[in-house]
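Student: These are the residues of each chain, in order.
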Amino acid sequence: MANPAKHANPTKRGWLPYLSTSARASMPSSGLILLDSATEATMSTEQTSSEELPHGKSEALEYQCIAKDHLSRASLLTLPHGVVDTPIFMPVGTQGTVKGLTASELEEEPINAPIILANTYFINLRPGTDLLDEIGGLHKLEGWSRNLLTDSGGFQMVSLLDLAEFTEEGVHFQSPVDGTELLLTPEKSMAIQNSIGSDIMMALDDVVPVTCKDHARFELAAERSVRWIDRCIAAHTNTANQNLFGIIQGGTDPVLREYSLKHFMERDAKLPGYAIGGLSGGEDKADFWRTVKQCCDVLPPSKPRYVMGVGYPVDLVVCVCLGADMFDCVYPTRTGRFGTALVPTGTMNLRLAQFREDSRPVMQGCRCFVCRTYTRAYLHDTVSETLTGQLIAYHNVAYQLQLMRGLRQSIVEHRLEAFVRDFMAKQFPEGAPQWVRDAVEAAGMSLE
Amino acid sequence: MESTIKAVHATNRGGIPFLMPDTLADIGISDVSVAYSDFFTGKTNVRDHITSVASKSKKEGALAQYVGMAQDTFLIPASDDNQMTEVRPANKKETVHVMTPFGHQQINFEQYLEDVAALKPALAVLPIPIMPKEVPTAAAPKNVAIKMVRYREGLMKNAAKMLCKVPAKFDVPLLVPIASRDNLSEICEIVEKSEAIVGYSLSAAPLGDDTQTYLSDLIDFLPKKQIYFTTVSCPLEACEAALAGATHIHSDVPTRLASMGLAYSFSLDMKEYEGKKALAEDGVAAPKAKQPLLTNLWDRVHQRDTSPLVEGCGCYACAHHQQAYIHHLTSIRELTGSVLISAHNVHSWQRLVERLGSFGSDRAGLVEFVGWFRRVYG
Numbered sequence: 001m002a003n004p005a006k007h008a009n010p011t012k013r014g015w016l017p018y019l020s021t022s023a024r025a026s027m028p029s030s031g032l033i034l035l036d037s038a039t040e041a042t043m044s045t046e047q048t049s050s051e052e053l054p055h056g057k058s059e060a061l062e063y064q065c066i067a068k069d070h071l072s073r074a075s076l077l078t079l080p081h082g083v084v085d086t087p088i089f090m091p092v093g094t095q096g097t098v099k100g101l102t103a104s105e106l107e108e109e110p111i112n113a114p115i116i117l118a119n120t121y122f123i124n125l126r127p128g129t130d131l132l133d134e135i136g137g138l139h140k141l142e143g144w145s146r147n148l149l150t151d152s153g154g155f156q157m158v159s160l161l162d163l164a165e166f167t168e169e170g171v172h173f174q175s176p177v178d179g180t181e182l183l184l185t186p187e188k189s190m191a192i193q194n195s196i197g198s199d200i201m202m203a204l205d206d207v208v209p210v211t212c213k214d215h216a217r218f219e220l221a222a223e224r225s226v227r228w229i230d231r232c233i234a235a236h237t238n239t240a241n242q243n244l245f246g247i248i249q250g251g252t253d254p255v256l257r258e259y260s261l262k263h264f265m266e267r268d269a270k271l272p273g274y275a276i277g278g279l280s281g282g283e284d285k286a287d288f289w290r291t292v293k294q295c296c297d298v299l300p301p302s303k304p305r306y307v308m309g310v311g312y313p314v315d316l317v318v319c320v321c322l323g324a325d326m327f328d329c330v331y332p333t334r335t336g337r338f339g340t341a342l343v344p345t346g347t348m349n350l351r352l353a354q355f356r357e358d359s360r361p362v363m364q365g366c367r368c369f370v371c372r373t374y375t376r377a378y379l380h381d382t383v384s385e386t387l388t389g390q391l392i393a394y395h396n397v398a399y400q401l402q403l404m405r406g407l408r409q410s411i412v413e414h415r416l417e418a419f420v421r422d423f424m425a426k427q428f429p430e431g432a433p434q435w436v437r438d439a440v441e442a443a444g445m446s447l448e
Numbered sequence: 449m450e451s452t453i454k455a456v457h458a459t460n461r462g463g464i465p466f467l468m469p470d471t472l473a474d475i476g477i478s479d480v481s482v483a484y485s486d487f488f489t490g491k492t493n494v495r496d497h498i499t500s501v502a503s504k505s506k507k508e509g510a511l512a513q514y515v516g517m518a519q520d521t522f523l524i525p526a527s528d529d530n531q532m533t534e535v536r537p538a539n540k541k542e543t544v545h546v547m548t549p550f551g552h553q554q555i556n557f558e559q560y561l562e563d564v565a566a567l568k569p570a571l572a573v574l575p576i577p578i579m580p581k582e583v584p585t586a587a588a589p590k591n592v593a594i595k596m597v598r599y600r601e602g603l604m605k606n607a608a609k610m611l612c613k614v615p616a617k618f619d620v621p622l623l624v625p626i627a628s629r630d631n632l633s634e635i636c637e638i639v640e641k642s643e644a645i646v647g648y649s650l651s652a653a654p655l656g657d658d659t660q661t662y663l664s665d666l667i668d669f670l671p672k673k674q675i676y677f678t679t680v681s682c683p684l685e686a687c688e689a690a691l692a693g694a695t696h697i698h699s700d701v702p703t704r705l706a707s708m709g710l711a712y713s714f715s716l717d718m719k720e721y722e723g724k725k726a727l728a729e730d731g732v733a734a735p736k737a738k739q740p741l742l743t744n745l746w747d748r749v750h751q752r753d754t755s756p757l758v759e760g761c762g763c764y765a766c767a768h769h770q771q772a773y774i775h776h777l778t779s780i781r782e783l784t785g786s787v788l789i790s791a792h793n794v795h796s797w798q799r800l801v802e803r804l805g806s807f808g809s810d811r812a813g814l815v816e817f818v819g820w821f822r823r824v825y826g
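Top to bottom, those sequences are chains A and B. Numbering follows our numbering, in which position 428 of the first sequence is assigned residue number 428; successive positions increment by one, without gaps. Numbering follows our numbering, in which position 291 of the second sequence is assigned residue number 739; successive positions increment by one, without gaps.
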């Protein structure tokens, strides 16, 4: 594993597993701390012993759960380009950049993103693997020194449906740029991601729009995804530095999900982590959370769980409650560019006239420079300017990352239920929707 | 040595295109301009709101505070001062008609002064119509020529009348826009006596053999006050402005170029091209000694170039990224490409103006530097 981050063995005396990365960094070099008697007493009664906290290690990944609260986990995910505190939201940089944000803005507080996404299909189109091989990978090209996760190109089967043709061999795409044809096979996807040099590579899966009515198509996709994971595993040549995650498919059919889970678990030894795919595409919310829970209940606790394409802050909180660790979505940046800011009470459409004379920041207490510098009135006044779209997108990404840190801290401090209650009360003053209440209840908590 | 010339960066409604506060802080932006017509004319009028916010705050500079700028904010009448045209008396109040990106708008002179007093920018350019530079040629029909002369005379008389409304003392320093020497005597007399008017806003003259003649002819005529060169479009024009005695050089070009994928490629290191000076004197080799002012990031020649835009530049883009990446972003029309090139261009422009201003009273040093810059990049 290249550049493994060092952290204390959780079983040693005096090691407090509840500290965040920054707090740990400020600890004395001996790693010993003095605990007051009250803290020690609290630890002895509430702390799950470190032996019960899941821990898993692969060639290029180490997963260490440091706290649990009901089903949710706070963990350290050690990857080749640094440690990721989970739960984590990963900003999306499809074509090698998170739109309008520089690498420094992503690295510095309050965003401080330890990992971002890129897309295999689009990176292969432009700039292409020849250039990446020459330059030394996407980290070098992009000037990004932290972790990268690449989606396999599978989602393009949905987003570029009209330009794709599916076969057992792979997916025939017609480029949206210049019309050239590409056959994206599991082997090809692995090769491209090996060239990109991402820390986490996603397997090529057969992705079906979740709103598709053809159940047979879902069956085929679930079965084919199992066959393709074997091909991905065989084709992956850089296991020492890159981690292949398998993707559980099956739509919202619990039987198909069970099928997919069963067959992926048979290959567990070869997969450092897992994703729950095929969701966040317009399905019923009840089906959404039940599918996430079903998968999280079965997926090994010693490995990270990534729900792809999530998303909305409410969905993030619910999925964390159900035991998921990692998330990605273009939503915060995209909605920001169109003038909508994410706030604890939901969304704030700064195009609305009600903000014309509002001299407050977008969000009180937000540490981002947008909230420290600009008023709602100014952002409203200039909302059609490109720069204002960038500013709001920046705030939104900062909001998502700060939300995840808040969740993590609440897990560490065993007050997740109170955090979720407070969060949902702000988001839904009239009362949370039934699906949220059901999901939280299924996680062993209550919003009442 | 502190620069005696300020680089004033144009904004779109208070924001420098593509550049967020953290990048501006890295560059060290000191001065920006905001167009009055962007905020305070037509349907868009946040004057009361801004002044209300400012009255609750202890900070100085309501306008700067509103647009989120910690540094000095200059108020200019319109995003392109040259667009100010005729003056029409309406309801016994002088009004300047302005063509803006939002359409035809009017700036009421007295209202403008009231707003300036409330907004407290660091400096404000008065909305006086600018005399056209060209005079009717002998080839123009006689009746047109006469109309033009009378039009110009009328403009200047109205301009003088408007200037008389400026109080002798005013909280905000004011500048008068000037374009040509015609009929300036009356205006100069008013400016000379006014404490409130601290200088002039001049359009940078088009480059050519008569640039310095034009500028010196005009500037020598004016009472000795600050000179704000507006909408300077090229580093060479900035050099001319510095030679002409500019105290402020204003431009919106760095970010406009960035949006087109064009990055400044000039260096300020005179030693870098010292060797090539000899070549320039050799008539055969002279063309090769010229260096381009701009590089086009769309060009595939940058596709595999792992060097920064300009070696030794020091801007964010050059410190963190390669030409290959910026070319990639530009070729796929990613916003971040414009962000990085803007960061580079604005940084380059800021450093150039600071360099021009660093000579202070060392006229010989400035002449030598400008001479070198013209030789290498002209």
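Since the hints were made in silico from the structure, they are not lab data. Glycine included, every Cβ here is placed at the ideal spot set by N, Cα and C. Hints are supplied without guarantee of correctness; some may be wrong.
[Said to hold, decoys possible] Distance ranges between label pairs, derived from CB positions: (1) B:D619 - A:K426: 40 to 48 Å; (2) B:R704 - A:H215: 49 to 57 Å; (3) A:R351 - B:D496: 43 to 51 Å; (4) A:E107 - B:E637: 53 to 61 Å; (5) B:A565 - A:G346: 37 to 45 Å; (6) A:E169 - B:Q751: 50 to 58 Å; (7) B:V749 - A:E107: 24 to 32 Å; (8) A:Q174 - B:Q751: 20 to 28 Å; (9) A:S302 - B:Q751: 41 to 49 Å.
[What the hints assert, rightly or not] On the chain B side, residues computed to face chain A include the following (Cβ under 10 Å): (10) N460; (11) G462; (12) D470; (13) S633; (14) C636; (15) I638; (16) T754; (17) G760; (18) G762; (19) Y764; (20) Y773; (21) L777.
Student: Determine for every hint whether it applies to the structure shown.
Tutor: Hint check results:
no., hint, result
1, B:D619 - A:K426: 40 to 48 Å, "holds, 45 Å"
2, B:R704 - A:H215: 49 to 57 Å, "holds, 55 Å"
3, A:R351 - B:D496: 43 to 51 Å, "violated, 21 Å"
4, A:E107 - B:E637: 53 to 61 Å, "holds, 59 Å"
5, B:A565 - A:G346: 37 to 45 Å, "holds, 41 Å"
6, A:E169 - B:Q751: 50 to 58 Å, "violated, 31 Å"
7, B:V749 - A:E107: 24 to 32 Å, "holds, 30 Å"
8, A:Q174 - B:Q751: 20 to 28 Å, "holds, 24 Å"
9, A:S302 - B:Q751: 41 to 49 Å, "holds, 44 Å"
10, N460, "holds, 5 Å"
11, G462, "holds, 7 Å"
12, D470, "holds, 6 Å"
13, S633, "violated, 42 Å"
14, C636, "violated, 38 Å"
15, I638, "violated, 35 Å"
16, T754, "holds, 6 Å"
17, G760, "violated, 18 Å"
18, G762, "violated, 15 Å"
19, Y764, "holds, 7 Å"
20, Y773, "holds, 5 Å"
21, L777, "holds, 6 Å"
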